[in-house]
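**Q** One letter stands for each residue in the lines below.
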Amino acid sequence: MPVIHVRMDNRLIHGQILVSWNSAFKIQHIIVTNDVVAGDPLQVTLLKAVAPLTAKVSVLSIKDCVAYCNSPEAEKENIFILAKYPEDGLALVEGGLNMPQLNLGNQAFVRGSKKISDTVFLTESGVKALKKMHERGIRITCRMMPSDPDSDYWPTVQKTLPDWAQ
Amino acid sequence: MVGIVLVSHGSMAEGMMDAARMIVGSMESVVSVSLKESDAAEDLMARIETALLEVDQGDGVLILVDAFGASPFNASARVAMQRKNVEVITGMNLPMLLELAVQREGQDLGAVTQTALQAGTTSIRTLSQTLKGNSAAG
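Protein sequence lines correspond, in order, to chains Y and A.
As numbered in numbering that gives the first Met the number 0, residues 0 to 165 make up the first sequence, in order.
As numbered in numbering that gives the first Met the number 0, residues 0 to 137 make up the second sequence, in order.
These are calculated hints, taken from the structure and not from any lab test.
Treat each hint with caution, since some may be false.
As the list claims (entries may be wrong) - Each computed DSS-like pair below joins lysine-lysine, with the alpha-carbon atoms no more than 25 Å apart:
no., chain 1, residue 1, chain 2, residue 2
1, Y, Lys113, Y, Lys127
2, Y, Lys75, Y, Lys113
3, Y, Lys113, Y, Lys130
4, A, Lys35, Y, Lys114
5, Y, Lys130, Y, Lys158
6, Y, Lys158, Y, Lys113
7, Y, Lys158, Y, Lys131
8, A, Lys35, Y, Lys113
9, A, Lys131, Y, Lys47
Can you make the complete structure from the sequences, with help from the hints?
**A** And the structure:
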């Protein structure tokens with residue numbers, strides 16, 4: 000399977016990815032996907048500059064990411080997808096990406112968001128996106144590090160933010 | 000004088016300043032910024048901007064970060080790339096900061112950056128390497 004992991008992390012490529020996740024998986028290709036980031040030349044330059052020695056980095060729009068991952072070229076790689084928000088994950092799924100699991104990494108506080116833990120704050124629209132993915136049978140997890148358990152995180156979201164999760 | 004901003008995960012930057020003060024006393028135009036677990040990249044960038052304004056005397060600012068590619072670096076780089084006269088150096092260590100504390104007066108940003116690079120890299124050595132060097136010289 001070409002896409003080995005899909006992670007929503009506001010910080011995109013940072014220490015946890017470069018050190019912990021990169022050593023746990025044989026990542027060959029990190030695809031950063033978010034339409035705003037892909038349209039910002041400064042962020043694209045910087046993301047490519049921090050690529051680990053062993054993996055290449057692409058910064059693609061959601062649409063281009065799905066197209067690439069469904070292309071024959073992707074079959075030969077171990078791809079690690081990094082997006083910013085749960086809404087990005089839903090857009091990937093609705094665009095036609097086959098993903099059995101979606102992992103939540105750092106989700107910092109943004110206006111209107113509510114706290115689930117020190118590292119995870121979700122907005123109503125984010126929770127709704129997670130719900131849709133959960134209903135499609137995608138397992139939602141929340142692992143900062145590869146060593147964290149990959150237990151089902153949806154019940155935690157439902158319990159903590161019941162008004163938004165119903 | 001070139002301003003110095005230290006940016007790190009957790010309290011490393013603050014601890015670095017604390018350690019440096021034990022050796023050289025209080026330092027002019029040096030401030031620290033910490034990344035907390037719940038921070039958004041934009042929060043950290045805003046705090047770095049504030050720190051730059053605090054230490055910039057018009058001669059530019061050198062930002063010392065803990066690790067290349069990690070969030071403190073990423074946020075510092077995004078701020079620096081949008082400004083003139085701001086450089087970022089990674090792998091901050093105590094000898095680097097100490098050298099900057101005593102050797103910044105009258106130097107421009109390019110020279111200060113070279114000082115930091117040199118002090119930071121040449122200070123990393125092992126005991127056995129050092130002893131061997133000494134016996135060869137003696």
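**Q** Hint by hint, say whether it matches the structure.
**A** Against the structure, the hints:
no. : hint                   : result
1   : Y:Lys113 with Y:Lys127 : holds (13 Å)
2   : Y:Lys75 with Y:Lys113  : violated (40 Å)
3   : Y:Lys113 with Y:Lys130 : holds (16 Å)
4   : A:Lys35 with Y:Lys114  : holds (15 Å)
5   : Y:Lys130 with Y:Lys158 : holds (13 Å)
6   : Y:Lys158 with Y:Lys113 : holds (13 Å)
7   : Y:Lys158 with Y:Lys131 : holds (16 Å)
8   : A:Lys35 with Y:Lys113  : holds (17 Å)
9   : A:Lys131 with Y:Lys47  : violated (41 Å)
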